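Asker: Sequence:
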Amino acid sequence: RLKVLKYWRKLLIMPDTIVIKKIINHILARDIKVGWILKINDIFEKLKLGNPLDCKSLSGNEFKSVICSCLTRELKKEWNDSMNGSSKLRDLASLMDSEELSYSTEIRNREVRSLIAKLRGGTARLRIEEGRWLQIEREDRICQNCNLIEVEDCAHFIFRCGKPILRNVRASLLEELKEVDNSFDSKMHEEKLLVV
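In this note's numbering, the protein residues as written are 1 to 196.
Source of the hints: derived by calculation from the structure; they are not laboratory data.
Hints may be right or wrong, so weigh each one.
[Stated by the list, open to error] Lysine to aspartate or glutamate pairs mimicking EDC-like chemistry, simulated, CA-CA at most 20 Å apart:
id	residue 1	residue 2
1	Lys163	Asp181
2	Lys192	Asp153
3	Lys76	Glu45
4	Lys64	Glu74
5	Lys39	Asp54
6	Lys64	Asp81
7	Lys6	Glu74
8	Lys192	Glu179
9	Lys77	Asp31
10	Lys77	Asp42
11	Lys48	Glu74
12	Lys6	Asp81
13	Lys21	Asp31
14	Lys118	Glu190
15	Lys178	Glu137
16	Lys46	Asp16
17	Lys118	Asp54
18	Lys187	Asp153
19	Lys187	Glu175
20	Lys10	Glu78
21	Lys21	Asp54
22	Lys56	Asp16
23	Lys3	Glu74
24	Lys178	Glu190
25	Lys163	Glu179
26	Lys33	Asp54
27	Lys3	Glu62
Because the structure is a prediction, the values reported are computed rather than measured.
Please construct the entire structure, taking both the sequences and the accompanying hints into account.
Answerer: The structure is reproduced here in structure tokens:
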């Protein structure tokens with residue numbers, strides 16, 4: 001869609017002496033229903049951009065910025081709509097509305113960044129994911145590393161699991177997260193997960 005919209009703007013700002021611009025002006029002046037102009041109108045309407053002719057008043061960078069933010073908003077909406085009813089990436093869906101996605105530049109420890117990416121992407125080797133792959137009911141995806149008898153999901157793994165080897169990883173992770181967000185300790189588990 002971005003390429004189509006960029007081409008549309010390019011056509012609008014062309015000099016009126018160019019043949020294709022003369023054709024467009026003719027079509028627009030007579031309100032002729034042409035497939036690709038209808039498509040442009042549909043895109044502008046779907047993205048809530050207003051009148052397709054108004055974009056010629058924007059500079060190239062302004063136009064690109066407006067279009068990219070509208071497309072991003074629309075893609076997020078489509079992605080969230082597709083997430084309804086899906087357990088896969090359920091935690092990530094809530095992150096898409098969050099402003100907490102900048103960890104990749106703020107966390108220095110590569111292993112911690114990698115772990116966070118896996119937790120966010122649903123690719124960490126947790127029972128919540130492995131059980132989904134093996135078609136085990138969600139409530140039966142119990143952590144096999146501790147005695148808490150809880151579903152091994154992100155919250156369990158990060159905050160509660162008693163596996164001894166996790167203590168060091170958890171300590172490093174929590175230290176990095178405290179540096180990124182000074183109020184991390186005072187947050188509820190659900191809010192902490194948004195930071196992760």
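Asker: For a C-alpha distance cap of 20 Å, please report whether lysine 64 and aspartate 81 respect it.
Answerer: 25 Å, violated
Asker: Check the hint pairing lysine 64 with glutamate 74 against an upper bound of 20 Å on the C-alpha distance.
Answerer: 15 Å, holds
Asker: Would you mind confirming whether the straight-line C-alpha gap from lysine 77 to aspartate 42 stays at or under 20 Å?
Answerer: 17 Å, holds
Asker: Could you grab the alpha-carbon distance between lysine 178 and glutamate 137 and see if it respects the 20 Å cut-off?
Answerer: 34 Å, violated
Asker: Does the structure keep lysine 46 and aspartate 16 at a Cα separation of 20 Å or less?
Answerer: 28 Å, violated
Asker: Quickly compare the C-alpha distance for lysine 163 and glutamate 179 to 20 Å and report which way the hint goes.
Answerer: Roughly 24 Å between the alpha carbons, so the hint for lysine 163 and glutamate 179 is violated.
Asker: Can you confirm whether the C-alpha distance between lysine 118 and glutamate 190 stays at or below 20 Å?
Answerer: 18 Å, holds
Asker: Take a quick look at whether lysine 21 and aspartate 31 sit within 20 Å of each other, Cα to Cα.
Answerer: Given that 20 Å is the threshold and the Cα spacing comes to 15 Å, the pair holds.
Asker: Next pair to validate is lysine 39 with aspartate 54; report whether the Cα-Cα distance is within 20 Å.
Answerer: 16 Å, holds
Asker: Starting from lysine 56, check that the Cα of aspartate 16 is at most 20 Å away, please.
Answerer: 13 Å, holds
Asker: Decide if the proposed pair is consistent with the structure: lysine 192 and aspartate 153, CA atoms, cutoff 20 Å inclusive.
Answerer: 14 Å, holds
Asker: For the pair supplied as a hint, lysine 118 and aspartate 54, is the alpha-carbon distance within the 20 Å limit?
Answerer: 43 Å, violated
In the structure shown, a violation is registered for the earlier hints numbered 1, 6, 9, 12, 15, 16, 17, 20, 25, in ascending order.
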